[in-house]
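2 protein chains.
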Amino acid sequence: MNIHDVDARLADILRDRRRRLAEIFAAPVVLWSGRRSPRNFAANTFPFRASSHFLYFAGLPLENAAICLESGQLTLFIDDPSPSHTLWHGETPAKEEIAQKIGADAVLPMAELPAHLAGVATIPVQDAATWTEQTQLLDRWVLPERPLEGIDLELAKAIVTLRLIHDAGALAELRKAAAVTINAHKAGMAATRKAKTEADIRAAMEGVIIAENMSCAYASIVTIHGEVLHSDRYHNKIQAGNLVLADVGTETATGWAADVTRTWAVTGKFSSTQRDIYDVVLAAHDACIAKVSPGVEYRDLHFLAATTIAEGLVDLGILQGNVEDLVERDIHALFFPHGVGHLLGLDVHDMEDLGDLAGYEPGRTRSDRFGLGYLRLDRPLRPGMLVTIEPGFYQVPAILNNPEVRTAYQDAVNWERLMQFADVRGIRIEDDVLVTEAGSEVLTAALPTKAEDIEQLVRG
Amino acid sequence: MNIHDVDARLADILRDRRRRLAEIFAAPVVLWSGRRSPRNFAANTFPFRASSHFLYFAGLPLENAAICLESGQLTLFIDDPSPSHTLWHGETPAKEEIAQKIGADAVLPMAELPAHLAGVATIPVQDAATWTEQTQLLDRWVLPERPLEGIDLELAKAIVTLRLIHDAGALAELRKAAAVTINAHKAGMAATRKAKTEADIRAAMEGVIIAENMSCAYASIVTIHGEVLHSDRYHNKIQAGNLVLADVGTETATGWAADVTRTWAVTGKFSSTQRDIYDVVLAAHDACIAKVSPGVEYRDLHFLAATTIAEGLVDLGILQGNVEDLVERDIHALFFPHGVGHLLGLDVHDMEDLGDLAGYEPGRTRSDRFGLGYLRLDRPLRPGMLVTIEPGFYQVPAILNNPEVRTAYQDAVNWERLMQFADVRGIRIEDDVLVTEAGSEVLTAALPTKAEDIEQLVRG
Ligand SMILES: [Mn+2]
Ligand SMILES: [Mn+2]
Numbered sequence: 001m002n003i004h005d006v007d008a009r010l011a012d013i014l015r016d017r018r019r020r021l022a023e024i025f026a027a028p029v030v031l032w033s034g035r036r037s038p039r040n041f042a043a044n045t046f047p048f049r050a051s052s053h054f055l056y057f058a059g060l061p062l063e064n065a066a067i068c069l070e071s072g073q074l075t076l077f078i079d080d081p082s083p084s085h086t087l088w089h090g091e092t093p094a095k096e097e098i099a100q101k102i103g104a105d106a107v108l109p110m111a112e113l114p115a116h117l118a119g120v121a122t123i124p125v126q127d128a129a130t131w132t133e134q135t136q137l138l139d140r141w142v143l144p145e146r147p148l149e150g151i152d153l154e155l156a157k158a159i160v161t162l163r164l165i166h167d168a169g170a171l172a173e174l175r176k177a178a179a180v181t182i183n184a185h186k187a188g189m190a191a192t193r194k195a196k197t198e199a200d201i202r203a204a205m206e207g208v209i210i211a212e213n214m215s216c217a218y219a220s221i222v223t224i225h226g227e228v229l230h231s232d233r234y235h236n237k238i239q240a241g242n243l244v245l246a247d248v249g250t251e252t253a254t255g256w257a258a259d260v261t262r263t264w265a266v267t268g269k270f271s272s273t274q275r276d277i278y279d280v281v282l283a284a285h286d287a288c289i290a291k292v293s294p295g296v297e298y299r300d301l302h303f304l305a306a307t308t309i310a311e312g313l314v315d316l317g318i319l320q321g322n323v324e325d326l327v328e329r330d331i332h333a334l335f336f337p338h339g340v341g342h343l344l345g346l347d348v349h350d351m352e353d354l355g356d357l358a359g360y361e362p363g364r365t366r367s368d369r370f371g372l373g374y375l376r377l378d379r380p381l382r383p384g385m386l387v388t389i390e391p392g393f394y395q396v397p398a399i400l401n402n403p404e405v406r407t408a409y410q411d412a413v414n415w416e417r418l419m420q421f422a423d424v425r426g427i428r429i430e431d432d433v434l435v436t437e438a439g440s441e442v443l444t445a446a447l448p449t450k451a452e453d454i455e456q457l458v459r460g
Numbered sequence: 001m002n003i004h005d006v007d008a009r010l011a012d013i014l015r016d017r018r019r020r021l022a023e024i025f026a027a028p029v030v031l032w033s034g035r036r037s038p039r040n041f042a043a044n045t046f047p048f049r050a051s052s053h054f055l056y057f058a059g060l061p062l063e064n065a066a067i068c069l070e071s072g073q074l075t076l077f078i079d080d081p082s083p084s085h086t087l088w089h090g091e092t093p094a095k096e097e098i099a100q101k102i103g104a105d106a107v108l109p110m111a112e113l114p115a116h117l118a119g120v121a122t123i124p125v126q127d128a129a130t131w132t133e134q135t136q137l138l139d140r141w142v143l144p145e146r147p148l149e150g151i152d153l154e155l156a157k158a159i160v161t162l163r164l165i166h167d168a169g170a171l172a173e174l175r176k177a178a179a180v181t182i183n184a185h186k187a188g189m190a191a192t193r194k195a196k197t198e199a200d201i202r203a204a205m206e207g208v209i210i211a212e213n214m215s216c217a218y219a220s221i222v223t224i225h226g227e228v229l230h231s232d233r234y235h236n237k238i239q240a241g242n243l244v245l246a247d248v249g250t251e252t253a254t255g256w257a258a259d260v261t262r263t264w265a266v267t268g269k270f271s272s273t274q275r276d277i278y279d280v281v282l283a284a285h286d287a288c289i290a291k292v293s294p295g296v297e298y299r300d301l302h303f304l305a306a307t308t309i310a311e312g313l314v315d316l317g318i319l320q321g322n323v324e325d326l327v328e329r330d331i332h333a334l335f336f337p338h339g340v341g342h343l344l345g346l347d348v349h350d351m352e353d354l355g356d357l358a359g360y361e362p363g364r365t366r367s368d369r370f371g372l373g374y375l376r377l378d379r380p381l382r383p384g385m386l387v388t389i390e391p392g393f394y395q396v397p398a399i400l401n402n403p404e405v406r407t408a409y410q411d412a413v414n415w416e417r418l419m420q421f422a423d424v425r426g427i428r429i430e431d432d433v434l435v436t437e438a439g440s441e442v443l444t445a446a447l448p449t450k451a452e453d454i455e456q457l458v459r460g
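Here the protein sequences line up with chains E and H, keeping their order. The numbers in the working numbering rise by one with no breaks, and the one at position 238 of the first sequence is 238. The numbers in the working numbering rise by one with no breaks, and the one at position 164 of the second sequence is 164.
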């Protein structure tokens with residue numbers, strides 16, 4: 001990003017964040033930004049992605065930098081570029097200019113960092129060069145995969161407290177990410193008319209994001225095999241009769257994410273079976289969003305989605321029996337084997353690097369229940385939280401062809417009726433929903449969800 | 001990639017490669033493929049990129065796999081996907097099917113690998129999880145940044161011997177990469193008419209690569225600041241009068257790269273000063289390519305480029321004096337501060353992970369001479385080598401405004417005349433040239449280089 005484009009309000013936003021941190025966490029904190037990870041050789045790297053915790057408090061994706069936060073004061077550690085760096089990478093802003101943009105109280109070269117590490121808490125950074133440096137300089141293990149302990153665990157809890165509730169600065173970025181993502185999905189729908197493969201549609205969608213000088217917040221899913229939940233392949237030819245499931249989200253230059261899924265028919269027109277299931281998923285989506293409000297348990301939204309889907313499938317004759325009993329038996333998880341959503345912020349699964357510390361209210365842990373183990377969020381909603389709502393319906397062979405599953409649910413599923421819906425491999429509808437004092441605001445509401453509107457966008 | 005799309009000839013290509021390895025290297029070899037590197041949290045990774053050495057002998061980008069090569073025999077170590085992997089990632093080919101496609105003589109689960117490591121040579125993989133595993137299993141340091149020693153160094157030399165000379169299988173992939181890259185550049189030129197920013201042009205170019213279900217071989221350079229040699233920023237607005245320098249290359253699904261640069265005017269029409277310099281750079285480009293032939297020293301091509309550029313700048317009145325003397329004084333490096341090119345193959349700087357082992361003929365080392373330190377290749381050319389030819393002209397402030405430089409070259413540069421060329425920040429013309437028995441073949445020849453042809457492509 002260009003230093004001159006940095007919003008003048010950034011320094012105030014960051015000052016407020018570190019003031020709030022100081023109120024709930026007394027020890028000094030040092031957060032590293034990280035370094036580029038090598039791809040096939042040292043000089044050919046993946047794009048730089050700064051640590052999300054660093055971005056939260058430092059605001060800018062500075063490479064190989066660190067910040068010290070203490071009593072609301074910010075010290076930035078960063079080196080001026082070497083002459084050879086300038087030759088190859090051009091003039092970059094002086095560290096004093098960066099410090100001014102983020103409202104740092106002091107700026108020092110990285111060589112000074114070791115003298116400022118007594119008693120500090122930190123969070124491990126993902127790249128090996130950086131966690132190695134953290135481990136060496138702090139003289140204790142600081143590893144991404146290691147459960148946090150002691151002062152670092154306390155820091156993580158404090159950061160969760162702040163990052164759970166998005167401030168105005170965060171929301172401005174999250175709205176930008178949502179807006180670009182909406183355009184990417186519209187471009188994907190429009191490109192479907194001429195597309196021959198999944199890759200053609202992906203190119204149209206990611207092209208919108210690249211043209212905005214932003215990144216993908218996660219590996220795009222653009223597939224006619226919506227039943228492959230984390231598909232990262234794009235080679236399939238698309239044909240009339242297929243549904244395209246596209247889960248594509250933008251990340252802004254300072255790291256804030258959107259996470260949106262739409263499902264559409266290649267021809268523009270859903271078949272009657274596709275439309276039936278689409279409307280079941282949409283009913284679950286709409287029911288959950290209507291309920292988003294402070295105090296509501298996110299876990300209850302998951303069960304609302306499950307119940308709505310089960311009801312819809314009973315109405316379609318795919319399931320049989322009493323809906324409450326069916327959900328009690330986790331029957332929805334046959335077709336909806338993931339959670340209804342997750343936190344969203346600087347990470348697409350926000351703060352997942354901290355395990356379930358962010359997603360699960362203190363004292364709660366993941367269930368091993370079939371329909372609940374993948375629930376990533378189990379907290380009461382509070383104003384300022386941003387969550388996804390993303391119910392789905394999938395015919396996953398690994399589940400539906402499992403003999404144990406078929407035996408267990410023999411009475412509850414009309415397998416013959418289900419076969420009539422063979423042209424529905426996977427449907428998901430996902431939006432980004434902000435909890436507000438008054439209830440909720442769908443940040444991605446400008447992207448239609450109704451079947452007719454989606455058909456219109458595809459057919460142009 | 002899709003296992004069903006794997007070329008039936010792959011097994012023979014790989015069998016031939018390991019037979020040739022066995023002829024020059026006796027010890028058993030184990031090569032790891034590598035793992036995904038985390039981005040902002042463990043489950044949100046960068047795209048997988050297998051180790052190039054693994055790809056050379058295993059042919060497919062298999063994640064978390066290893067191969068043992070011994071006396072021309074191939075044993076593949078890979079695990080079948082877990083049931084939960086199948087749930088999230090869909091059905092993947094059985095390891096027996098993969099083994100058959102690559103002509104493996106045996107296939108074993110990864111748990112068997114430790115029993116096959118006695119006396120093996122290896123090459124470090126770039127990602128930390130894998131080099132940690134290599135280090136632990138082999139009980140010696142195997143680190144990407146550590147100079148190779150002993151048996152590993154001998155293996156690296158043997159691999160260089162093979163990978164320097166591209167076989168038919170490699171060339172088929174390299175031609176695919178070249179073809180897609182040519183289309184990407186044409187799309188970038190065409191998109192310039194409506195583009196508002198560098199990012200718009202980048203999106204059009206990378207969109208072509210994504211639509212082919214391929215990757216970028218390196219971070220694209222798409223900039224109006226061509227003088228920033230490794231620019232990876234795309235935020236600038238483009239305006240009439242600007243030149244766009246685009247260095248964008250495709251990598252095929254099995255890892256083979258193209259590396260192409262073109263420079264064009266935003267309006268389609270070069271100014272007279274831009275055209276003058278463009279033609280100087282093109283003359284250097286054409287002169288070097290005309291000389292590519294077995295036995296020619298690549299370093300001589302570098303000096304040919306330097307001399308051609310110096311001559312052209314003398315003709316334009318930018319330089320003054322005897323051309324031979326000027327080149328002797330490294331004057332060309334004021335405007336052309338990098339080498340004329342490098343090896344190209346599975347890596348955009350092929351085998352750069354092995355330091356200068358591939359680029360420098362045994363016994364030769366890098367010069368510390370101003371005009372030569374960045375020369376990445378210093379070998380006599382041989383049939384089957386693929387090299388880039390990429391002369392350029394840049395006005396780099398860090399060089400031209402350096403008082404020492406201005407003093408040293410005071411007599412040789414007409415600084416006032418140079419100021420008349422202020423609208424030429426950077427021009428590079430780069431093609432991928434295969435050394436053949438008869439001389440050379442430009443794999444990227446279908447992308448024009450002549451100024452008029454480029455103008456035509458931009459104006460449409
Ligand atoms: Mn999501
Ligand atoms: Mn190059």
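Think of the hints as simulated: they come from the structure by calculation, not from any bench. It should be emphasised that the depicted structure is a prediction, and the values quoted were computed from it without experimental measurement. Don't take every hint at face value.
Copies of the same chain look alike in the list, so a pair counts if it fits in one copy or across any two.
List of simulated lysine to any residue pairs, SDA-like, C-alpha gap at most 20 Å [said to hold, decoys possible]:
1) Lys237 - Thr92
2) Lys450 - Ala118
3) Lys269 - Glu416
4) Lys157 - Thr436
5) Lys194 - Asn183
6) Lys237 - His89
7) Lys157 - Glu455
8) Lys237 - Ser215
9) Lys194 - Leu457
10) Lys157 - Asn402
11) Lys157 - Phe46
12) Lys269 - Arg20
13) Lys291 - Val314
14) Lys291 - Thr197
15) Lys291 - Gly384
16) Lys237 - Glu91
17) Lys194 - Phe421
18) Lys186 - Thr75
19) Lys157 - Asp411
20) Lys196 - Asp5
21) Lys186 - Leu304
22) Lys194 - Arg379
23) Lys194 - Gly321
24) Lys101 - Gly384
25) Lys101 - Arg366
Outcome of the hint check:
1. In this homomeric assembly, Lys237 and Thr92 come within 20 Å of each other (Cα to Cα) only across copies, at 18 Å, whereas the closest approach inside a single copy is 45 Å.
2. Within a single copy, Lys450 and Ala118 get their C-alpha atoms no closer than 57 Å, and across copies no closer than 62 Å, so neither meets the 20 Å cut-off.
3. In this homomeric assembly, Lys269 and Glu416 never come within 20 Å of each other (Cα to Cα): the closest approach is 25 Å inside a single copy and 66 Å across copies.
4. Taking CA atoms no more than 20 Å apart as the test, Lys157 paired with Thr436 passes in neither setting, with 23 Å inside one copy and 63 Å between copies.
5. Taking the shortest Cα distances, Lys194 and Asn183 sit within 20 Å of each other both inside one copy (18 Å) and across copies (18 Å).
6. Taking CA atoms no more than 20 Å apart as the test, Lys237 paired with His89 passes between copies only; the shortest distance there is 18 Å, against 40 Å inside one copy.
7. In this assembly of identical chains, Lys157 and Glu455 lie within 20 Å of each other by CA distance neither inside one copy nor across copies; the values are 45 Å within and 59 Å between.
8. For a Cα distance limit of 20 Å, the shortest separation of Lys237 from Ser215 across copies, 18 Å, qualifies, whereas the shortest one inside one copy, 26 Å, does not.
9. Proximity of Lys194 to Leu457 under the C-alpha cut-off of 20 Å is restricted to the intra-copy arrangement: shortest distance 14 Å within a copy versus 23 Å between copies.
10. When the C-alpha separation of Lys157 and Asn402 is checked against a cutoff of 20 Å, the pair qualifies neither within a copy, at 40 Å, nor between copies, at 51 Å.
11. Proximity of Lys157 and Phe46 under a CA criterion of 20 Å is satisfied in neither setting, with 30 Å inside one chain copy and 27 Å between copies.
12. When the C-alpha separation of Lys269 and Arg20 is checked against a cutoff of 20 Å, the pair qualifies neither within a copy, at 51 Å, nor between copies, at 56 Å.
13. Within a single copy, Lys291 and Val314 get their C-alpha atoms no closer than 23 Å, and across copies no closer than 75 Å, so neither meets the 20 Å cut-off.
14. Taking the shortest Cα distances, Lys291 and Thr197 never come within 20 Å of each other, neither inside one copy (38 Å) nor across copies (42 Å).
15. Taking the shortest alpha-carbon separations for Lys291 and Gly384, only the intra-copy value of 16 Å comes in at or below 20 Å, while the best inter-copy value is 66 Å.
16. With identical chains, the CA atoms of Lys237 and Glu91 are at most 20 Å apart between copies only, with a shortest distance of 18 Å across copies and 45 Å within one.
17. Taking the shortest alpha-carbon separations for Lys194 and Phe421, neither the intra-copy value of 26 Å nor the inter-copy value of 44 Å comes in at or below 20 Å.
18. In this homomeric assembly, Lys186 and Thr75 never come within 20 Å of each other (Cα to Cα): the closest approach is 43 Å inside a single copy and 47 Å across copies.
19. In this assembly of identical chains, the alpha carbons of Lys157 and Asp411 never lie at most 20 Å apart, being 46 Å within a copy and 66 Å across copies at closest.
20. Proximity of Lys196 and Asp5 under a CA criterion of 20 Å is satisfied inter-copy only: 17 Å between copies versus 39 Å inside one chain copy.
21. Taking the shortest alpha-carbon separations for Lys186 and Leu304, neither the intra-copy value of 29 Å nor the inter-copy value of 51 Å comes in at or below 20 Å.
22. Taking identical chains as interchangeable, the C-alpha atoms of Lys194 and Arg379 are never at most 20 Å apart, the minima being 44 Å within one chain and 48 Å between chains.
23. Proximity of Lys194 and Gly321 under a CA criterion of 20 Å is satisfied in neither setting, with 44 Å inside one chain copy and 59 Å between copies.
24. For the identical chains of this complex, Lys101 and Gly384 are neighbours neither inside a copy (25 Å) nor across copies (53 Å), given an alpha-carbon limit of 20 Å.
25. In the homo-oligomer, the alpha carbons of Lys101 and Arg366 never lie at most 20 Å apart, since the shortest distance is 41 Å inside one protomer and 41 Å across protomers.
Going down the numbered hints, you'll see the structure goes against 2, 3, 4, 7, 10, 11, 12, 13, 14, 17, 18, 19, 21, 22, 23, 24, 25, while the others check out.
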